[in-house]
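This is what each chain is made of:
Number of protein chains: 2
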Amino acid sequence: MKYATPAPASVSLADPVLAPRVEANRTATIPACLKHFEKEHCIDALKLKWKKGDKWYPHIFWDSDVAKVVEGMARELARRPDPALAKELDRVAKLIVSAQQPDGYLNTHFTLVEPEKRWTNLHDWHELYCAGHLMEAAAAHFEATGERFFLDAMRRYADLIAKTFGRRRGQKRGYPGHEEIELALCRLARATGERKYLDLAHYFVDERGRAPNYYVEKEGWQSWRLEYLQAHKPPREQREAVGHAVRWAYLCCGMVDAGDAKPDVGLLEAAVAMWKNATKRRMLVTGGIGTARDGEAFERDFKLDNLTAYAESCAAIGLALLSRRLHDLTGGARGIDVFERALYNGIPSGVSLSGDRFFYQNPLASNADSPYARERQAWFYCSCCPTNFARFWPQAAQLCWALAPGEVRLCIPAASELKLDNGLRIVVEGKYPYDGAVKIRFAKGAAAAAVPFALSLRIPDWCETFSVAVNGKRAAAKAKDGWVSLKRAWKPGDEVALDLAMPVRVLRANDSVAADAGCIALQRGPLVYALESVDNGPGLHRLSIPAKQDFKLVAAKGLPRGTVAIAGTAFETTRPGEELYSDAAPRTRRRRFVAIPYALWQNRGPAEMQVWTREA
Amino acid sequence: MKYATPAPASVSLADPVLAPRVEANRTATIPACLKHFEKEHCIDALKLKWKKGDKWYPHIFWDSDVAKVVEGMARELARRPDPALAKELDRVAKLIVSAQQPDGYLNTHFTLVEPEKRWTNLHDWHELYCAGHLMEAAAAHFEATGERFFLDAMRRYADLIAKTFGRRRGQKRGYPGHEEIELALCRLARATGERKYLDLAHYFVDERGRAPNYYVEKEGWQSWRLEYLQAHKPPREQREAVGHAVRWAYLCCGMVDAGDAKPDVGLLEAAVAMWKNATKRRMLVTGGIGTARDGEAFERDFKLDNLTAYAESCAAIGLALLSRRLHDLTGGARGIDVFERALYNGIPSGVSLSGDRFFYQNPLASNADSPYARERQAWFYCSCCPTNFARFWPQAAQLCWALAPGEVRLCIPAASELKLDNGLRIVVEGKYPYDGAVKIRFAKGAAAAAVPFALSLRIPDWCETFSVAVNGKRAAAKAKDGWVSLKRAWKPGDEVALDLAMPVRVLRANDSVAADAGCIALQRGPLVYALESVDNGPGLHRLSIPAKQDFKLVAAKGLPRGTVAIAGTAFETTRPGEELYSDAAPRTRRRRFVAIPYALWQNRGPAEMQVWTREA
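The listed protein sequences correspond, in order, to chains A and B. Residues in the first sequence are numbered consecutively from 1333, following my numbering. Residues in the second sequence are numbered consecutively from 1333, following my numbering.
Hints were generated in silico from the structure; no laboratory data involved. Since the model is a prediction, treat every value here as computed from it, not as a measurement. For each residue, glycine too, the CB sits at the ideal point set by N, CA and C. Possibly wrong hints are sitting among the right ones.
As the list claims (entries may be wrong) - Quick list of the computed label-pair ranges, beta carbon to beta carbon:
#	chain 1	residue 1	chain 2	residue 2	range
1	A	Pro1352	B	Arg1924	51 to 59 Å
2	A	Lys1449	B	Gly1385	31 to 39 Å
3	B	Ala1416	A	Asp1456	56 to 64 Å
4	B	Gly1385	A	Lys1550	48 to 56 Å
5	A	Gly1909	B	Ala1341	38 to 46 Å
6	B	Asp1435	A	Cys1714	49 to 57 Å
7	A	Gln1709	B	Arg1924	32 to 40 Å
8	B	Glu1551	A	Gln1709	27 to 35 Å
Excised from the complex, chain A in its bound form:
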């Protein structure tokens, strides 16, 4: 990778949007998940307490849920010391390890309920997926605590998996139905320095989708359903984003990690091509992907319906993590553009501001016809989404920055602070994403000398006009490939002013998107806006908005102080009469509308919502 992410302890956030999310995750989401684990018997499962006849049984994906929260706790602990959190993390990590079998196997469902079925249904059951999340958790635990017991346990598990799967005689030539272990093995390889885990990751990616197909031949899976799990052909031959969107995103992450760590250009090229297809033709304006409810899957190019858009929270997280990787691989700004779109829209919409209520689906409209829950839920039968937030938010501060030798990149100019190894601190101030004026101060860290390096500022895809000033002097900065690079010997006291113009943008979808024909969406900065009935009354479908008008920035009622809403003129069209169909002339009245950031909808009670509104 060309770019790296700074260490968790070296960064902190102070912005009005991300920082409160990270804090709510720490104080509400993680504790809520742990409480649900107790109540739903996930903890009992790890204690191997289940016995025949119990009213509950460990579900095939429970271990992954616990693992993701442990990963989140470890990532949170790595940000700053917290003895209580450290104790709780230690307890749960030890609990996980205590469930490991003598041969290294660790899966509560197949240990307790169906031991005879171990590794027999890779396409549907989640053994290797759970194993992957456990490995990610173990790596994070090791990085946060320096303790090896969890990591070592997962090494033993990985060794068992390496013995079980492969192309040698007596091994199963299978691979996971739900990808995840590929990227996790790469992480395990980094944490342990063991290349054999990288080899196993390559095996899983390479064996996938080969003919004769393992799932069809060995597990009786229907060949027409192979696209669902990206096993219709080998990943390196794939160019379209198809099937279950979370699986797809994790697969592509694994391809990038494996293809970078043990160079394989074919894997990288395929991942980039699929990502381009996904983001240029199959992504919602919020960064949501996987629009089909059936299979939580991608649909054909430009099929992007709003009310029925599935857009699982996990899929937006997956796309963000993949997009960031693609930036790190090449340095291109588009990876951060997509990352930012998901970061500020399709990801945060999945969790309430309070941190303890979650959307599994993130459609772009919601009303009485919605096929999905219209209020966030406390928990789900399959709670992959809440637990994914638990591990995502602690990374938010790190992901605002990227590092390369001689270069510091400010990817997301949210108010934050970065301690550099070179002894400087960089402090970013401002109200981004509500305001495009960003001040970047250099401050004294461990040392006070001038240090020569490039500070690169991202000029987002949504920004047409910007200015940069260094120490009060306007810099003739030109963006190259989305970055303005300021090379000099930076010293404490230096100050850079970045000003990203943030007019309200009136977006139209590509004219091949039938669902958005005749409609506009509003975006300001990285934030996509939505109309909610809380502000506008019910019957949002009756509204239309003129594209050319002076939109006003106003305070949003009932949302956190500082939240910027957009107000303007709309038209409300009604048709007189009770007839179902009539040629009565419609009546149109001028009225005001208010739009709030999409990510914040349904934080003021149940409501109608829509992102795309008819253009007047």
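Given the coordinates of chain A, work out where chain B should sit on it, guided by the hints.
Just chain B now, with coordinates in the frame of chain A:
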């Protein structure tokens, strides 16, 4: 009933729309159905040829398919003598009767495949439904041929059913999962003069949905699924149209028939209330009902999506037959208005002009995103729709008229002829529905004297301006409740000119219909129009149409001579650039559009289609 339908032999059609459909049904649909019955083993099933190990087995609804085609053949034969058809009808009717068991039972599936399961799963399996269609077929056969063998066989079957079901000790208190037998028993009662069949019809209607629920208690059906088959409460207590639309329509027909024949105002009131709910809030502009694919069912008020509208062909036929019954019950014109909407739009769309290709679903838009087949199919695994056409079209001529003592009603002013018992013939001339100028001539029939009676002309709901002239003299005719009644002693040579103004109407849906917000549909006379890509090129979603313009009537390319298309000005909006989302200004160009009658779409190859277009 206040109004009756004239005898089949007393009417004929000569109009440009219905007459060719009836003829295609006779020459193509009925023969095609019979061919499929041979090929698909439905005939072998009636010969009781199935044995264990065969690659086919008689499906639970096969008997109903054959019965409906037999009903169609009988209705066709009743229109005019046809020795070849009579022979074929006799052959198939005898084949059906030959499958009857000694105790009167007649069902090929439960006779051959699962004899032990007779009457054990009323909610899902179709025994009583099949029995109903067999009874309808037998009554039609008797009326067409005067022969009693089929009718007598069905009496024996009905007697067995009456013995099996009821409230007496030892009887099952069940009722059909798919309604149909209720209306069929009323018909059997009329054909045989036996009131006991009417009693059984009342039993089935009355027992339905009573607590404790039979399906839940005796068959383990889930109580939340009772609405699907209108068994969530007794039909007389129901006021909303819910569940499977075909089941619903047949139930309401049965309620009207039973409630009228053995007076029960409660049943009639409930049927009328449900019909009002269905037609005022849950009906597509084409007369299609049952918009949900899931369960082929009604959705909530005003949920009328276009691309996904299921609108089964059978449901439109069911709604038409119910609406006609409601006219016959009260004489109100609205029953005929709804009947006509389905007759010219939602019903004929289900069958190709050639008569041998069928749509099961009749959505109001179709493109690459359509969940349904985009071309009509030759046959279906469940072929209720083709076989329903087979029996519907032969009734078309009769259903244009209604008779009461001292009154003749011209319900649908299509070119046709009616021989009256009073010795006169009434000849309707014109190009309706393409032209609103209708000439009604009185001609000599069996007698030539003047006969006093009222000729009632319907003024359709779509018609705002009309004129009536009798023998060249403008009549100061006022429509009362949708009818202009001309009372006089009519004699051969008398002539009435009815002129229904037929401007192109620009329809808007009730503003509670979110799917049609900002959209218009075009209707002229009873015909709803649609844009097809054959005339307009692909990408129909890019078009918008100004409501105020001079629409032109033009000839339709590749459709039958005389078909009237609508042409006018549209705007095509494109957005420059390949970006999925951008603020590039859209480009709009003025262009011509052509709309054809919705019923005729997909008769010129696969195509995009839409009824509702954005208003420019």
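Could you see if the CB distance from Asp1435 of chain B to Cys1714 of chain A stays within 49 to 57 Å? For Cys1714 of chain A against Asp1435 of chain B, whose Cβ atoms are near 52 Å apart, the range 49 to 57 Å holds.
Range hint 31 to 39 Å: satisfied by the CB atoms of Lys1449 of chain A and Gly1385 of chain B? 33 Å, holds
A range of 38 to 46 Å was offered for this pair. Does it hold for the Cβ distance of Gly1909 of chain A and Ala1341 of chain B? 43 Å, holds
Is the hinted range of 27 to 35 Å satisfied by the C-beta distance from Glu1551 of chain B to Gln1709 of chain A? Since the Cβ atoms of Glu1551 of chain B and Gln1709 of chain A sit about 33 Å apart, the hinted range of 27 to 35 Å holds.
Between the beta carbons of Gln1709 of chain A and Arg1924 of chain B, is the distance compatible with 32 to 40 Å? Once the Cβ atoms are compared, 51 Å apart, the range 32 to 40 Å for Arg1924 of chain B and Gln1709 of chain A is violated.
Does the Cβ distance between Gly1385 of chain B and Lys1550 of chain A fall inside 48 to 56 Å? 30 Å, violated
Taking the Cβ atom of Pro1352 of chain A and the Cβ atom of Arg1924 of chain B, is their distance within the range 51 to 59 Å? 55 Å, holds
Verify the CB-CB distance for Ala1416 of chain B and Asp1456 of chain A against the hinted window 56 to 64 Å. 57 Å, holds
Of the numbered hints given earlier, the model fails hints 4, 7; all others are met.
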